[in-house]
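Each chain is listed here by its residues.
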Amino acid sequence: MERLLVIIISAVLVNNFVLMRFLGLCPFMGVSKRLKTAMGMSGAVVFVMTMASIVTWLIYRYVLVPFGLAYLQTVTFILVIASLVQLVELALQKLSPALYKALGIYLPLITTNCAVLGVSVLNIQKEFTFLETTIFGFGAALGFGLAMVLFSGLRERIDLCDSPLPFKGTAIGLITAGLLSLAFMGFTGLVKL
Amino acid sequence: MITAVIALASLALLAGLGLALAARVFAVEVDPRVEAIEEALPGVNCGACGLPGCAELAKRIAEGKAEVDACPVGGDGVAHSIAEIIGRVFEGGGAKNVALVLCGGDDSVAVRRFYYNGIYDCNSAVLLFGGDKACSYGCLGLETCAGVCPFGAIDMLPGGLAVVDPEKCTGCTKCVAACPKGIIKMVPYEKKVHILCSSHDKGGRVRKICKVGCIACQRCVKEAPEGSITMDENLAVIDYAKDVPEEVAGVCPMNTIVTQVLGREKRTGEAAPVAAGGEA
Chain F
1 MERLLVIIIS AVLVNNFVLM RFLGLCPFMG VSKRLKTAMG MSGAVVFVMT
51 MASIVTWLIY RYVLVPFGLA YLQTVTFILV IASLVQLVEL ALQKLSPALY
101 KALGIYLPLI TTNCAVLGVS VLNIQKEFTF LETTIFGFGA ALGFGLAMVL
151 FSGLRERIDL CDSPLPFKGT AIGLITAGLL SLAFMGFTGL VKL
Chain R
1 MITAVIALAS LALLAGLGLA LAARVFAVEV DPRVEAIEEA LPGVNCGACG
51 LPGCAELAKR IAEGKAEVDA CPVGGDGVAH SIAEIIGRVF EGGGAKNVAL
101 VLCGGDDSVA VRRFYYNGIY DCNSAVLLFG GDKACSYGCL GLETCAGVCP
151 FGAIDMLPGG LAVVDPEKCT GCTKCVAACP KGIIKMVPYE KKVHILCSSH
201 DKGGRVRKIC KVGCIACQRC VKEAPEGSIT MDENLAVIDY AKDVPEEVAG
251 VCPMNTIVTQ VLGREKRTGE AAPVAAGGEA
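Line order of the protein sequences matches chains F and R. Residue numbering for the first sequence follows my numbering, beginning at 1 and increasing consecutively. Residue numbering for the second sequence follows my numbering, beginning at 1 and increasing consecutively.
A portion of the hints provided could be inaccurate.
Derived DEER-like restraints, expressed as beta-carbon distance ranges [to be verified]: (1) R:P150 x F:D159: 17 to 23 Å; (2) R:A9 x F:D162: 55 to 61 Å; (3) R:D121 x F:G178: 24 to 30 Å; (4) F:P164 x R:K96: 39 to 45 Å; (5) F:G30 x R:V89: 44 to 50 Å; (6) F:T112 x R:D121: 21 to 27 Å; (7) R:A12 x F:D159: 40 to 46 Å; (8) R:M1 x F:L165: 55 to 61 Å; (9) F:K168 x R:A12: 42 to 48 Å; (10) F:K168 x R:E167: 26 to 32 Å; (11) R:E167 x F:G178: 32 to 38 Å; (12) R:G87 x F:L174: 21 to 27 Å.
If you are wondering where the hints come from, they were derived from the structure by calculation, not from laboratory data. Think of the CB as a built atom: it goes at the ideal place given N, C-alpha and C, for glycine as much as any other residue.
For reference, chain F alone in the conformation it holds in the complex (with noise of 0.2 Å):
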């Protein structure tokens, strides 16, 4: 129980997925506009990296293991994520209209995202049990989360102040990003994982 606990504090924040690792970053710049785009895709990352993180979990250890083919996680895991993704859009569609309206339109930008596969390959460098993996994969999402809501919201106010013109839009956001990465350093050493 308490290994648990220091891996989800260790996901969320001392090894937070975008400002730790810079995994995600292209969802991060690009969706964290306002803040509500930036909680739908929150939700769906969260969603989309547990079942990720289960199932890559599930193939290597029963598929790729056996027929020693461990060399080809990145290609397999790749592969199992797209169409796992489009798999649950798919059933959402069709089994709850409402979740897939509000995650259905973020669902497709997260097939190819550095974060999931990061998240996967992490799973077994770091020789994770089933429980682990799947609460690993849960709080790096939550980290995620956590670190696009941060993001956007102090995005929607620079966007109100008068920053100088080179600065404008992406610029000043990616200083931001930096600065808010260099206040997640006060985390390091808080957990050893």
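Given the coordinates of chain F, work out where chain R should sit on it, guided by the hints.
Below, chain R alone, put in the same frame as chain F:
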């Protein structure tokens, strides 16, 4: 090598089969008319119909919950093609309305009473004593309306005055709702004579702060056909249901009344005489 190829290929095949199966199992039946209606709509997702985007309106129309002419942007042409798709007859259709900023006071003719250096947005400026324009009914010129216009139909004159291009304007009324001063009104496209002022101030005060404001002298009221221009608390207002001849513009001593030429407002007279009092 062989195992790798076989393993990857079979995985891909499995995923592909799974997706194909899922597409079959989870297929959502969509009314084909919805797609056709969406094609017919302008597709700019401006929200003028009050719904979030053209797709939503197309759905409503197909379900019979919205009228075929529910899109104010598309006009009669779109309404006709939609009526054809859903097998209904569309009759009539009104004249096109366009937005008009009822203020002619740019910085060369209207006085500003302090230097505003806050957030570049009319809504924000209004919070500070109603804005920096001396005239509390005047256009602040901070581009709030131009920002919300999905069609780029609102230009800002160098003197800080918003002007709607009636050719580009589709009548979506977004700017009307966005203007904190409430001085943007919808007027029929083909009407040429407009009174570009919204000030209910008394004539003496208007003279002091703006060279093109309505001073309520009522000359246009006497000149124009009965009832086409009326006085509303020190402001002459045109009734767009009636026709106002272009000659009426000539009698206005402040040149507040303009005639529309080539999509741009053109003042009828030469520069107005300098207003008494000068700076307020």
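Report task. Please flag the earlier hints that this structure goes against, numbers listed from lowest up. Result -> 6, 11, 12
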